[in-house]
Amino acid sequence: MIDTIENDRFRVQVNRLGTELWSVYDKPEQRECLWQGDPAVWPRRAPNLFPVCGSLRGGAALFDGVPRTIPLHGFLRDYDHALAERSAGRLLYRFTDSEETRAMYPFAFCVETEFVLEESGLRQTFTVINTGSRELPFSIGYHTGWMCPFDSSHSISDYRLVLEQDETADRVVNRDLVICGREPYLRGERTIELRDGVLTPNLVLEGLRSRWLRIEEKDTGRFTQIGIGGFPVVVLWSVPEHMPFVCVEPWHGLFEPAEPYGEFSEKPLVRRTAPGEQFSCCMQVCFGRAPL
Numbered sequence: 001m002i003d004t005i006e007n008d009r010f011r012v013q014v015n016r017l018g019t020e021l022w023s024v025y026d027k028p029e030q031r032e033c034l035w036q037g038d039p040a041v042w043p044r045r046a047p048n049l050f051p052v053c054g055s056l057r058g059g060a061a062l063f064d065g066v067p068r069t070i071p072l073h074g075f076l077r078d079y080d081h082a083l084a085e086r087s088a089g090r091l092l093y094r095f096t097d098s099e100e101t102r103a104m105y106p107f108a109f110c111v112e113t114e115f116v117l118e119e120s121g122l123r124q125t126f127t128v129i130n131t132g133s134r135e136l137p138f139s140i141g142y143h144t145g146w147m148c149p150f151d152s153s154h155s156i157s158d159y160r161l162v163l164e165q166d167e168t169a170d171r172v173v174n175r176d177l178v179i180c181g182r183e184p185y186l187r188g189e190r191t192i193e194l195r196d197g198v199l200t201p202n203l204v205l206e207g208l209r210s211r212w213l214r215i216e217e218k219d220t221g222r223f224t225q226i227g228i229g230g231f232p233v234v235v236l237w238s239v240p241e242h243m244p245f246v247c248v249e250p251w252h253g254l255f256e257p258a259e260p261y262g263e264f265s266e267k268p269l270v271r272r273t274a275p276g277e278q279f280s281c282c283m284q285v286c287f288g289r290a291p292l
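Counting along the sequence shown from 1, when you hit position 195 you're at 195 in the numbering used here, and nothing is skipped either side.
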């Protein structure tokens with residue numbers, strides 16, 4: 001089922017299956033800002049990742065010494081979520097553990113996903129609540145695809161990624177979503193020129209200080225700005241040729257390390273929340289024009 005909220009500028013739709021952002025339509029520009037999915041290219045639009053970001057070695061994680069199979073990027077995206085609250089510009093969904101999820105991930109939890117419309121865009125907030133009696137280990141992240149090029153009169157080389165500030169950051173090199181090293185990438189820079197193949201198989205950056213990243217159209221200054229502040233990892237991804245979208249993925253989590261790590265809770269960058277406690281993270285998105 002698809003839910004809709006709107007204001008004077010935007011119409012936003014959310015699919016209850018996985019609380020996947022389904023459409024972000026800019027009314028004045030008459031432009032769809034969100035990738036609309038194409039089975040021949042990439043069928044998804046904006047899947048939400050929990051309790052795994054990426055894949056697991058052998059497809060399984062160890063919990064209390066028992067290996068349990070969890071799908072690529074977790075299972076949150078594969079279940080219907082309950083609409084808990086609704087207003088003119090806000091949607092709040094809840095998803096709680098079940099016998100089926102506990103067979104994969106033996107914990108009690110609740111994940112709330114909130115969408116709030118703003119004057120220049122929207123906020124999507126995750127809140128993970130530990131409803132059980134023991135520590136809850138998890139990863140969580142976004143995998144949102146944004147239209148790029150913005151229209152048919154531009155090509156991918158007409159765009160660049162712009163960070164809030166100059167960055168010095170290494171690229172996490174991975175093969176089949178397993179980390180195999182790190183290499184220098186940004187050295188006092190804040191822009192990444194887009195071209196086919198530059199985000200394939202992926203571009204993974206750790207420890208960025210910038211609070212946001214923009215997909216910017218060079219000749220007009222139009223941009224899609226995604227909040228990345230507070231996230232230890234940002235994954236950038238697209239298809240290798242004729243790029244129609246750019247995925248900007250702020251994560252609390254990372255791919256499999258090269259060395260085995262034992263229990264899932266010992267995996268690098270896994271969050272841990274005590275019983276009765278909760279953890280929240282937010283991706284704020286806005287649309288505008290930068291001065292030329």
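There's no promise every hint is true.
[Said to hold, decoys possible] For each label pair, taking beta carbons as the anchor points, the in silico distance ranges come out as:
# : residue 1 : residue 2 : range
1 : 97        : 58        : 18 to 26 Å
2 : 90        : 229       : 28 to 36 Å
3 : 260       : 28        : 51 to 59 Å
Keep in mind that the hints were calculated from the coordinates and are not lab data.
Keep in mind it's a predicted model, so treat the numbers as computed, not measured.
Just so you know, even glycine gets a beta-carbon here, dropped at the ideal spot from N, CA and C.
Cβ separation of residue 97 and residue 58, checked against the hinted range 18 to 26 Å
23 Å, holds
Should the hint that residue 260 and residue 28 are 51 to 59 Å apart at their CB atoms be regarded as holding?
At roughly 53 Å between Cβ atoms, residue 28 and residue 260 fall inside 51 to 59 Å, so the hint holds.
Take a look at whether the Cβ-Cβ distance between residue 90 and residue 229 falls inside 28 to 36 Å.
22 Å, violated
The structure does not agree with numbered hint 2 stated previously, though it agrees with all others.
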